[in-house]
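Going from the sequence shown to the numbering used here is simple: count from 1 and add 5.
Hints may be right or wrong, so weigh each one.
[What the hints assert, rightly or not] DSBU-like cross-link-like pairs, simulated, lysine-lysine; straight-line CA separation at most 30 Å:
(1) K68 <-> K47
(2) K116 <-> K204
(3) K17 <-> K175
(4) K294 <-> K175
[As the list claims (entries may be wrong)] FRET-style restraints, in silico, Cβ to Cβ:
(5) E42 <-> K68: 20 to 30 Å
(6) H202 <-> A224: 22 to 32 Å
(7) H216 <-> S119: 43 to 53 Å
If you are wondering where the hints come from, they were derived from the structure by calculation, not from laboratory data.
Remember, it's a predicted structure, so these values are computed and weren't measured experimentally.
Note that beta-carbon positions come from the ideal geometry of N, C-alpha and C, so glycine has one too.
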Amino acid sequence: MGQTRLHFTANKLEADRIFAALDAAFEEDGLPIAVLELDEEKDIHEVSLYADGDVDPVEVRVKDILAGLGLPNAIEREVLPDVDWVSRSLEGLKPVRAGRFFVHGSHDRAKRRSGDLAIEIEAGLAFGTGHHGTTAGCLEVLEQVVLRERPRNALDLGTGSAVLAIAVAKLAHIPVLATDIDPVAVRVAAANARLNHAKALVETVTAPGFHHPIFARRAPFDLIVANILARPLMRLAPEMAKHIGLGGSLVLSGILDRQRDAVISAYVGQAFRHVRTLHREGWVTIHLKR
Numbered sequence: 006m007g008q009t010r011l012h013f014t015a016n017k018l019e020a021d022r023i024f025a026a027l028d029a030a031f032e033e034d035g036l037p038i039a040v041l042e043l044d045e046e047k048d049i050h051e052v053s054l055y056a057d058g059d060v061d062p063v064e065v066r067v068k069d070i071l072a073g074l075g076l077p078n079a080i081e082r083e084v085l086p087d088v089d090w091v092s093r094s095l096e097g098l099k100p101v102r103a104g105r106f107f108v109h110g111s112h113d114r115a116k117r118r119s120g121d122l123a124i125e126i127e128a129g130l131a132f133g134t135g136h137h138g139t140t141a142g143c144l145e146v147l148e149q150v151v152l153r154e155r156p157r158n159a160l161d162l163g164t165g166s167a168v169l170a171i172a173v174a175k176l177a178h179i180p181v182l183a184t185d186i187d188p189v190a191v192r193v194a195a196a197n198a199r200l201n202h203a204k205a206l207v208e209t210v211t212a213p214g215f216h217h218p219i220f221a222r223r224a225p226f227d228l229i230v231a232n233i234l235a236r237p238l239m240r241l242a243p244e245m246a247k248h249i250g251l252g253g254s255l256v257l258s259g260i261l262d263r264q265r266d267a268v269i270s271a272y273v274g275q276a277f278r279h280v281r282t283l284h285r286e287g288w289v290t291i292h293l294k295r
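Please model the entire structure based on the sequences and the hints provided.
Below is the structure:
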């Protein structure tokens, strides 16, 4: 019997509570758990748990956990086809060029050119690989900012696969702090830093927001890049201002075209000035200076 996905929707607060509870309950079982934002405006998130074989006992446990949290326990099932997902990913994972950066899988190493700043990401760890317009836009803006301003201390907030942290480290040869709220993403980020010979410069840490003591130790930053979502970026504006040095640069993305003005307004209110907006595939990357 193949793999089955158990899934249901919740708001962000509920999804975070559910993820923590499921992660603790199924840690020894090693069952993958994921949270995906389906609709930012309506605050709809989907929680998924993947199980092999007989899924009935797993579903019972999940329902008990939801009941213990006082939440509805209507769960849907999806039987997944038996597919070689790595091979399938490789089919669609084409190399991406953004300025001097060349983001690729191991299968495209031969396509690297002299002068490329190559970043290798395996298909199985492909979230945040540069193929989304936001990541590619960040890479393009980061190249210009780093070469013009020569930062000495950088932060990649919400690092995901660490593509942006690796890019800054390779281009500027400076220490980069790469943080994420998701411990799985942080493990992936660390593995990618090792793969790209950037581990000595890229420090990966699991840290929600700016509350972790690592920020106090490493701040102020000359450069902060954050490719997350518009709403959390707006909420983080005061903390960004506290942790960046005067004259430092912010490179922000994960922002839709229609959200651009609201994000800029939040940062102008914290004594940042807008330098440039890059538009790509319906998304924007914004460069601001303190």
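Evaluated hints:
1. Under the criterion of a C-alpha separation no larger than 30 Å, the hint pairing K68 with K47 is consistent with the structure, at around 24 Å.
2. Only pairs whose Cα atoms come within 30 Å are accepted, and K116 paired with K204 is accepted, the gap being roughly 24 Å.
3. Taking the CA atoms of K17 and K175, the gap is about 35 Å. The hint is violated against a cut of 30 Å.
4. Our distance criterion of 30 Å between C-alpha atoms is met by K294 and K175, whose separation comes to about 22 Å.
5. At about 23 Å, the beta-carbon gap between E42 and K68 stays in the expected band of 20 to 30 Å.
6. At roughly 26 Å, the beta carbons of H202 and A224 sit within the given window of 22 to 32 Å.
7. One distance hint, 43 to 53 Å for the beta-carbon pair H216 and S119, holds here, with the actual separation near 44 Å.
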